[in-house]
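A.B. asks: Here are the chains, one letter per residue:
Protein chains: 2
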Amino acid sequence: MYRTRDCGELRLGDVGREVTLAGWVQSLRKFGSISFVDLRDRYGITQLLLGEALNEKLAVTPLGREFVIQATGIVSERSSKNPQIPTGEIEIKVSQFNILNKSATPPFTIQDDTDGGDELRMKFRYLDLRRNEVKKNLELRYEINRAARNYLFEHRFMEIETPFLIKSTPEGARDFVVPSRMNPGQFYALPQSPQTFKQLLMVSGYDRYYQVVKCFRDEDLRADRQPEFTQIDCEMSFVEQDDILLMFEGLIKFIFREVIKLDYTETVERMSWEDAVWNYGNDKPDIRFGMKISNIKSPLKRKGALEADGHIISKGEFKVFDQAETVLAIAVPEGASWTRKQFDELTEWVKRPQIGMQGLVYIRYQEDSTLKSSIDKFYSEERLKSIAVFCNAKKGDAILLLAGREERTRKAISELRLEMGEQLGLRKPDEFKLLWVLDFPLFEYSAEDNRWVARHHPFTAPKPDQIKLMIDNDPNIPNPDDYLQHPYADIKANAYDMVLNGNEVGGGSIRIYQRELQEKMFDALGMSREEANHKFGFLLGAFEYGAPPHGGIAFGFDRLCAILGGSESIRDFIAFPKNNSGRDVMLDAPATIDRKQLDELSIQIKN
Amino acid sequence: MYRTRDCGELRLGDVGREVTLAGWVQSLRKFGSISFVDLRDRYGITQLLLGEALNEKLAVTPLGREFVIQATGIVSERSSKNPQIPTGEIEIKVSQFNILNKSATPPFTIQDDTDGGDELRMKFRYLDLRRNEVKKNLELRYEINRAARNYLFEHRFMEIETPFLIKSTPEGARDFVVPSRMNPGQFYALPQSPQTFKQLLMVSGYDRYYQVVKCFRDEDLRADRQPEFTQIDCEMSFVEQDDILLMFEGLIKFIFREVIKLDYTETVERMSWEDAVWNYGNDKPDIRFGMKISNIKSPLKRKGALEADGHIISKGEFKVFDQAETVLAIAVPEGASWTRKQFDELTEWVKRPQIGMQGLVYIRYQEDSTLKSSIDKFYSEERLKSIAVFCNAKKGDAILLLAGREERTRKAISELRLEMGEQLGLRKPDEFKLLWVLDFPLFEYSAEDNRWVARHHPFTAPKPDQIKLMIDNDPNIPNPDDYLQHPYADIKANAYDMVLNGNEVGGGSIRIYQRELQEKMFDALGMSREEANHKFGFLLGAFEYGAPPHGGIAFGFDRLCAILGGSESIRDFIAFPKNNSGRDVMLDAPATIDRKQLDELSIQIKN
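Protein chains in written order, with the numbering used here: chain A, 2 to 608; chain B, 2 to 608.
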């Protein structure tokens, strides 16, 4: 061993001991005839004191930043202590040192606030990984990984590895494929998830399975996507939805407690997908703050809730609202005091192409109970008042209204709400709010093919009381314009998403375990009997030999780490991430391969 | 939840409780108006007693093997107890049951000694996985996995995930490649191991890394190889060989203790590669038994050891030995009493093409001190005696001799030794003997290219005192016939293999961490500077910025599980293995993919 102790552990109690340390030169300071070196390793930083004799050696063989050295000396009390670091009370009076390896000047500084740009840091990722910031992220990731494994072990889950070289069954996302040399013209696929394998393991009686596992999707990359990503993948037998929800909110609470020392005692909120969309404009609401959407006018059907039929605003008053399919509003605390300039900026914000609104209407509900708005010439103060009341606005609030097509407007108000939450400091990175979103539609309608597509995946079961409805009805849609009238449009999935601070961190469902129902599902998705058998014959076969009721969930591990680390970007929590073109700029991969390799694989590049 | 308790936990103390169980019908026995069902789940088997009323229900909806049912009833003491199973003292007096799912008759019996052939069990792997035998293997695998993780955590190793979509740098084994859709004509490769990444992590200062990780090699499959396999991959900084050996024999001892309750207190033996080959005929000797090879005649150079120059056998006595390059012998206990027939069978055994010998010579060293042999007419008894003495044979032993070309004969005697150990019951599956094999040659000679190839991989360092020799000498081999005279032929690798019961379960090395030495290595392997930079530029670059001394090891996790499970076949310890053609017969993968997929990837099949 090149060291007897590490750079993070020595304290006053060690004074007088001879130790040998090894690590990197973080900094070097010369004072007359002596020098100080801050020596860094994974565990911390320790100050080395190099006296006169060694300084002569330094003159001959100078040290530089990031040199790797080994130093032996006596632990001594420091005269000027540094309370910022755990080893700040001691230093090593060095009797001898060796340079183990030199270092060229790094292309950027190895510090929390580095001067290196994104591209440069990715190219020299091995240096970027030295930064404390990045190291903390990877340490957090390991702690979450360990906590998850420990919880799952305690709850009798068994980790079982599933294969990576499987069969291509593209459903939704594209598969990465791997040409087989031994079976020319044939390909393996890399798994988008171990979905069918974990279901087979339930059929095999393994009862509780998990795996922390890499998955692969060949998608056009958006900001926060990686072609390879890690899931905590879980499945349980003999369970209903409620069993899963309790087990896995337990997992997240356990991680909170173990890793970020947060005792999450409150009940995890549950919300239907319909409520989420109605009140928050999306299916993964951030419930750290309220500011719910008021549905002033909307074509969405809404049983039981206050009807958004436009009775708040009368026809003929304001043409823009009259013509809009949808009018949605939020009441923003303290917004009444905003300046005209601030509202103008907000208006510009909603007009950006990412949001895509024509404009923004606002109403100031002032402290003196009067109301002022950007549409004063269309609406009486009384009318404004009734809008304010409908929006549950309080004195001092600003009411922000957006109008337009349903889908776009709802998305826009959702974004606006999040932006307001951000601006008002209501989205605190150290506050954590869990939420289950439930009762998703089982199917979405594909106008292109005039058929149903699975909203989650083809293995998700409908709600138990809708199984009969699904089996008894023909999935074909006779009249495309009338698809909403088809009984399948009302079928809810026995599915659930776990949402944390406005991010979907996990999702799953109770699965179909009956061959007849699974065949009906494939049928509904427009898959012929032949195609279903070709792709999923093994699963349909397995369902014939005693498949138990089962369900599961998969957590996006990269995202979970990022949120617990208080970051938006999953890339910061991956040791060697790829860029937005799917490239590893450090390796310079992907790359061309030898002609010989192509020949062996019986493939060629198409020009 | 479909159950309140599981099928493995109920005991006499639970008598009187109402419980609900769910599981599979293992068997069904009818006695007059009552029936017994053995209900099975992951945790065990519990007997259900179905009384008269329920038997009427059974008549209408009969149960069958592997049906999935749910049953509620009172735990009761059994009149005839079954001491074979933990739940054997109780049964459930069932008040009601539901069939959750039916089962067709399985294509083979779900029992320890199943009637299913290999192919059938692989096709219906989800049923094979129900067998207790297979379940025990996967449970063992999970326990070893957990124990390894716990030990590594305690020793401050950090799990860090490395990427799966990397760059193809074929060295030795073939890469599996993955066409990139977004970068047409370019390919990712799947990692053969995370070797360069773990080294980069050391350069990044992570100090101690591990990963339980899938690796991929596109090799022609031999019996015990899989195209995808799992490694426990580890790396440490600031270490020398001895630190690694102690750390990782500690890991295996910990696994022994935790998983198979074996307290391995003895010192782990260490053996040089030369000694292994000299005494056991291979580089992974099974040292559970002795029966060392006696080198009666061999061209191998051997400093310090008794020279095998043929002085034991004189020229002109026995032509076969005279003409043979090598004559090797083992003394087999109790072999003197074998019959002629037994020796004939052994002779047939060594003549099999897998062994490839011309014949077998044997000497009986009889209890009365006389010696009889198959070559009596060539050798005097005195000569036989001196052979026996040379072989350390005792009275009652048989001495078995093989003669021929060095490489084949040594391999043959090694196989014969193992076969004898097997026949004599000396290779006990529940006895475990660890061994480190050290001091491998750094290079092997490739006659085809007249150059050196790395015996381990290009990142393995030479012994510290041979670094200068390696740097100072030109790796080119001027005279192919004389390659053994080249200084590189004597360089030993700073590498080590862990051998368990004659199987290599782990291997690793101290790595090169100096750019100059690494470049020299690439040079020695016939790689041009351009090629080295194209393939490994990132690593050479990393070595410029303060790379610490480091080394590591990787364990073949599948094999480790198999050995600890007392099996020869890794396939039994993999949930979904591939067959010898690399096919998953359950999925029927690999398979053809759609034309559309090929087009998107800009590749086509070559005819």
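There could be a bad hint or two in this list.
Copies of the same chain are indistinguishable here, so a pair counts whether it falls within one copy or spans any two.
With a Cα cut of at most 20 Å, we get these calculated SDA-like pairs of lysine to any residue [said to hold, decoys possible]:
(1) K293 to D573
(2) K124 to Q424
(3) K215 to E160
(4) K607 to T593
(5) K316 to A455
(6) K94 to A224
(7) K320 to R147
(8) K597 to N608
(9) K31 to E267
(10) K215 to R147
(11) K597 to R218
(12) K136 to I492
(13) K607 to P185
(14) K597 to P185
(15) K378 to R226
(16) K215 to F577
(17) K31 to L518
(18) K597 to T170
(19) K607 to N474
(20) K320 to N580
(21) K412 to P108
(22) K386 to G251
(23) K434 to V26
(24) K521 to Q112
(25) K434 to R226
Hints are computed from structural coordinates only; laboratory data are not their basis.
A.B. asks: Which of the listed hints are broken here?
C.D. replies: 1, 2, 5, 6, 7, 9, 12, 15, 17, 19, 20, 21, 22, 23, 24 and 25
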